[in-house]
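A.B. asks: Starting from the known structure of chain A, arrange chain B on it as the hints suggest.
As you go down the protein sequences, you meet chains A and B in turn.
No gaps in the numbering here: position 110 of the first sequence is 110 in this note's numbering, and each next residue is one more.
Here this note's numbering = 1-based position in the second sequence + 1000.
Read the hints as simulated data drawn from the structure, not as lab findings.
For clarity, every value in this text was computed on a predicted model and none was experimentally measured.
It is possible that part of the hints are untrue.
[As the list claims (entries may be wrong)] Example chain B residues on the side facing chain A (calculated, C-beta under 8 Å, incomplete): (1) Pro1026; (2) Val1077; (3) Val1135.
Just so it is clear, CB atoms sit at the ideal spot from N, CA and C, and this is done for glycine as well.
Okay, here's what each chain looks like letter by letter:
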Amino acid sequence: MISVKAQTENKLPVDDRGKLIYYELVDLKSTPKDSLKLRIVNYLKKKNSGLKFKTIVGDTSFIATGKIIISKTLLVMSHPSGEVLYNFQVEVKDGKYRFWLTDFNFIPYQRDRYGNFVPSTNVGIPLEENPGKLNASQWKEYLEQTASYAKDFGAKFKLYMASKTHVAVPVAENKVVKKTW
Amino acid sequence: MKIKFILPMLAIGFGSAAYAQETATPLQISGSVDTYFKYDFAKTGNINTSFANEQNSVSLGMIDLALKKTTGKASFVGELSFGPRGQALSLPNAAGGYDETENSFHIQNLYVNYAFSDKFSMTAGYMGTFIGYEVISPAANFNYSTSYLFSKGPFQNAGIKGTYAFSDKVSLMVGLFNEWNQYTATRGVSSIGGQLMISPVEGWTAYINGLHGLDAYGSYSTIIDLTTAYQITDKVKIGLNAADLSAGDDEFGYSGVALYPQYAFTPAVALGLRAEYFNYKGISGAPDASVTSFTLSGNIKAGGLTFIPEVRLDNDKKLYEGFVKSNLAATKTATQFSLALVYAF
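Pulled out of the complex, with its shape left as it was, chain A reads as follows (with noise of 0.2 Å):
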């Protein structure tokens, strides 16, 4: 049982745990549990979501991580300065699913001898703990990110499982201009 808080915009509320979450709940009567599964199964295998599909419960629930990338951006400039690892679980019943994103976790990034931006440390710090008063500013930019994330991650997810047939988007035609007159 997973009980939230209020949701608001680009706050992301904590469940029974104490941990930060996205959850929704989805209707979708009259589309059988079956379909669903297949449908989630698609998203999570054979599309290019980011997410790293982990495992299977029960045959209804699915269990997948994913990442974001934070990044830090002022006017003139932008380079990715860490990223929020997350665990997403979607449940099925027949005309209805839920999922949620929880269990999120900052890695820094440092710049390294090349140039590069890569993880200081394999050991993520959860979104939940309180940064200190010196890093407080840099942390809510984070959760800002987090959630912006989820809420897109969100609206997209429905948008397949919404889907019936899913469509490849068909690739614009060359406009060809002719100079017969």
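C.D. replies: Coordinates of chain B only, in the frame set by chain A:
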């Protein structure tokens, strides 16, 4: 001969990729600024490893500016530094030589990379060296002062290299390089080097490095280097660097090992020790001379800023380093503390 083989391969690779669909990322701009105060208890700048050498002075490190751009499978990095740490104290200067009076700026990285596949990429240009644990940029080091192993080893290598990743846990790099720290080869492409990366468990990465060719001491030498770090828990990390440089019996050579245990009290506050043993190999029948060095550093982070208070004690039994007391009498030990500010953006 090897270059004749590699360069056409690279040219073919670029040619065949020219029509591939390209995805460009925004231009990345990053860098760092650093400044420090150092005080040696003998009232003279005894410890002369690279950088942070000025006694009882609020001194400058450098401003470092880096650009990176990726378009499709191709990318470049251009990184320039200005200031003592990035100019006279790094080799060479803009003209390719070491001249304090004419020093202008220093190229840290200037290279182009092409990823032929997810597993294989090639890089050509002037790059931070693949040898050793510490680097020139203070933003990437835990301690502010640098080790003997860093100071005596290469800083950069100009050359061409190919890297093949067998998996996330194993990769191999092989390359051909100019002599150490030179934009232009004085005796041709003289060096061959390689790096084997292995990651036995999550959080533990080890680099086994080798470089044979013309060094900064005028010899054709071989340096073998092990650089490894293991993030044991979220609070405990340990690093190790061991290296040996040999150039024959009568040429400059050294060996050494440095251990880097670190403890993070919080994500923003950490304490780390560097314990180093460094041995100069004797030349022309002279005995070896060894130095031990212990450096205790704090890292306190606030946003992009890192404050590094540091205490360092060096012991030089054979008086090789020329440490002196405040009355200028020779001594075996040197002790200093420093306060450094490093801002990375």
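A.B. asks: Against this structure, judge whether each hint is valid.
C.D. replies: Results of checking the hints against the structure:
1. Pro1026: This interface hint holds because 5 Å falls under the 8 Å limit.
2. Val1077: Nearest chain A Cβ about 4 Å off; hint holds.
3. Val1135: holds, 5 Å
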